[in-house]
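Assemble the whole structure, with the sequences as input and the hints as a guide.
Protein chains: 2
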Amino acid sequence: MIRIAVDAMGGDFAPYEQVKGAVDALNNDKDLYLLLCGDETLVKAELAKYQYDETRLELVPTTQIITMEEEPAKAVKTKKDSSIVVAYRLLKEGKADGLVSSGSTGAVLTAGVLSLGRIKGISRPALCPAIPNARGGITLLCDCGANLECKPNYLRDFAIMATAFAQSAHGIKNPKVGLLNNGTEDHKGLPLQQETNALLKETVGIDYIGNIEGRDIMYGDADVVVADGFTGNIAMKSIEGCGKTVSAKMKGAFKKNWFSKLRALLVMDIISGIKKSLDYERVGGATLLGLPKAVVKGHGNSKANGFAVCIKLVAESVRGDMVGKIQSMLEKIKEQERLALESATSTVSDGAQE
Amino acid sequence: MIRIAVDAMGGDFAPYEQVKGAVDALNNDKDLYLLLCGDETLVKAELAKYQYDETRLELVPTTQIITMEEEPAKAVKTKKDSSIVVAYRLLKEGKADGLVSSGSTGAVLTAGVLSLGRIKGISRPALCPAIPNARGGITLLCDCGANLECKPNYLRDFAIMATAFAQSAHGIKNPKVGLLNNGTEDHKGLPLQQETNALLKETVGIDYIGNIEGRDIMYGDADVVVADGFTGNIAMKSIEGCGKTVSAKMKGAFKKNWFSKLRALLVMDIISGIKKSLDYERVGGATLLGLPKAVVKGHGNSKANGFAVCIKLVAESVRGDMVGKIQSMLEKIKEQERLALESATSTVSDGAQE
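These protein sequence lines map, in sequence, to chains A and B.
Letter 288 of the first sequence, counting from 1, is numbered 282 in the numbering used here, and no numbers are missing.
Letter 164 of the second sequence, counting from 1, is numbered 158 in the numbering used here, and no numbers are missing.
Derived by calculation from the structure, the hints in this document are not laboratory data.
Don't take each hint at face value.
Copies of the same chain look alike in the list, so a pair counts if it fits in one copy or across any two.
Once the Cα atoms are required to be at most 30 Å apart in a straight line, the calculated DSBU-like pairs of lysine-lysine come out as [claimed, not checked]: (1) K167 x K243; (2) K74 x K182; (3) K182 x K68; (4) K170 x K243; (5) K249 x K238; (6) K170 x K245; (7) K182 x K71; (8) K238 x K297; (9) K14 x K38; (10) K182 x K297; (11) K255 x K270; (12) K255 x K238; (13) K74 x K14; (14) K71 x K297; (15) K238 x K170.
Quick caveat: nothing in here was measured; it's all calculated off a predicted structure.
And the structure:
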């Protein structure tokens, strides 16, 4: 049984959509056990609306909420009975294997690091959303805003973590990894990209295909795109803005007059098929990589469907032993570094003997 | 009469589309005089296909071409009779007021700076493409790749130049300027964005609206979006990739079977209207800001229509005295700095008198 702590109070439509999404996820996966953290009265009232297996759902009453406006570090430290802090406590105490929240990104990140710490050997945790791509699959973009100022080894860790995540949660056997840059040639980019490109080339355990450009994110040649959090954030939101603009233009054009409205009815299925295939709610929220447990941050405006996908994503990450995969990849790299050091030392001593 | 030097040999479809585009531009603007730099035989053969006012078009024979693969600085220095170098020579000698090329970006940039130098007081030239936005207008994104590593005063200069360009070439009276960042609050971003945000707030002559996010580029709240060249490049190409992906998805969905093909015919006008309104060829190439003359770099894969728009863009920049506007804005800033210094000095001497 996979046990997931659910923050029922985080998000624009909490707890209504969160509770509905949790029930949906529960009904779709008989191997799931959910611990809903939230206001007892509100959550109970919502739960009463649905049919579900009550032996696999537990309400963990909480009395506080961390809002989007609060300073994350301060809120996490003072609001000990907030839904997100309590949810993390369940993870820490071993009562749950994973966590889902649509609350403030800052709070989810801060509470996560403060209560669980990092996987040993990982430099920084990172946010990794999935972006629907042209091939009908998804492209993972890591990092998207958790770390603005980065060093090459942070990006190497992002590549490792996102590779393990792609394998365990998305079933991509050998994820191709690209580095987001302003061109494909080796000399492209700022020193960060140039050094990271060199480092990724010699990193064991990942399938590095080299520099890729902004346009390649959605083409889907790489399964994992690695970037510093600032650049990743700009890319992700630029894509979001473009997608929403095209969508709004379509709506406007088809609603222009009675004749266009009539024709909209005729192609409705085609248009909504395209929209659905590119809908980011379909692919869940951003996974917080680098913690010793699986954590997904849903979109603030998640509806039940999107939230249920987030819960499924956490369940798959647990089932696929994402954290274990990250750890064994780190060990391989450590071993590689040890061997390289040994060989360097022996070369030096060989030189000394001559 | 506005005189424009045209690189007829740069671009994937040169000189065919370039010559056709030049003739189109000439026929649409009776106040234009074009100097076509290119292979005499090839260009003459193309020109022979079209009707145009021969008194306003001059062929300047050149014998060399700089390709996309060549190292720009070396190519520009050694290929003195290449179409792009000759075109710039016409500007330097005062025989032309502006230049258009769809050749290698590096070569257009390098040859420009080497032959013309910069506008006095401008720290760095920048590339400024126009992106069609949700409001049916355009958003100027400056810089998009000419300067990867930037300082706050570079970005201030980009804001000034793009403002003058928006006013003179695009007829936007009071362009709103935004700074591309990972959030709208003042504390957001790396030190570069934080310092630039503070600097832009006190810059005279621009209408600064603060930090904006990646998604806002296409929403069109800002007419000018300022960024370092690395970030701007990632944003521009991420948008391009999203647009092309949506377009490909549409094509695929409507071509799926005979029934969808039939329905495609019924909505063809609506779909192509949307495509056209978001087509970047419609809004021309990237303007190279910071040189003492108006220069536009067309897309490498420009067709005649797109190339004609680039020529129009240069003509409008010359007509609207873009360079003069930049210079007078720089003078205002200098005056502001002088006054600030004076007031600081007088405060110090006041203090000394007490």
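We went through each hint and held it up to the structure:
Only between protomers do K167 and K243 lie at most 30 Å apart by alpha-carbon distance; the minimum there is 26 Å, versus 38 Å within a single protomer. For a Cα distance limit of 30 Å, the shortest separation of K74 from K182 across copies, 27 Å, qualifies, whereas the shortest one inside one copy, 47 Å, does not. Taking identical chains as interchangeable, the C-alpha atoms of K182 and K68 lie at most 30 Å apart only when they sit on different chains, with a minimum of 18 Å there against 40 Å within one chain. Only between protomers do K170 and K243 lie at most 30 Å apart by alpha-carbon distance; the minimum there is 23 Å, versus 34 Å within a single protomer.
Taking CA atoms no more than 30 Å apart as the test, K249 paired with K238 passes in both settings, with 16 Å inside one copy and 24 Å between copies. For a Cα distance limit of 30 Å, the shortest separation of K170 from K245 across copies, 27 Å, qualifies, whereas the shortest one inside one copy, 36 Å, does not. For a Cα distance limit of 30 Å, the shortest separation of K182 from K71 across copies, 22 Å, qualifies, whereas the shortest one inside one copy, 43 Å, does not. Both within a single protomer and between protomers do K238 and K297 lie at most 30 Å apart by alpha-carbon distance, with minima of 17 Å and 28 Å respectively.
In this homomeric assembly, K14 and K38 come within 30 Å of each other (Cα to Cα) only inside a single copy, at 12 Å, whereas the closest approach across copies is 71 Å. When the C-alpha separation of K182 and K297 is checked against a cutoff of 30 Å, the pair qualifies only between copies, where the shortest distance is 28 Å, while the shortest distance within a copy is 41 Å. For the homomeric pair K255 and K270, the shortest alpha-carbon distances inside one copy (20 Å) and between copies (20 Å) are both at most 30 Å. Taking the shortest alpha-carbon separations for K255 and K238, both the intra-copy value of 20 Å and the inter-copy value of 25 Å come in at or below 30 Å.
Taking identical chains as interchangeable, the C-alpha atoms of K74 and K14 lie at most 30 Å apart only when both belong to the same chain, with a minimum of 26 Å there against 70 Å between chains. In the homo-oligomer, the alpha carbons of K71 and K297 lie at most 30 Å apart inside one protomer (29 Å), although the nearest pairing across protomers, at 60 Å, exceeds that limit. With identical chains, the CA atoms of K238 and K170 are at most 30 Å apart both within one copy (28 Å) and between copies (22 Å).
Of the hints listed earlier, there is not a single one the structure fails to meet.
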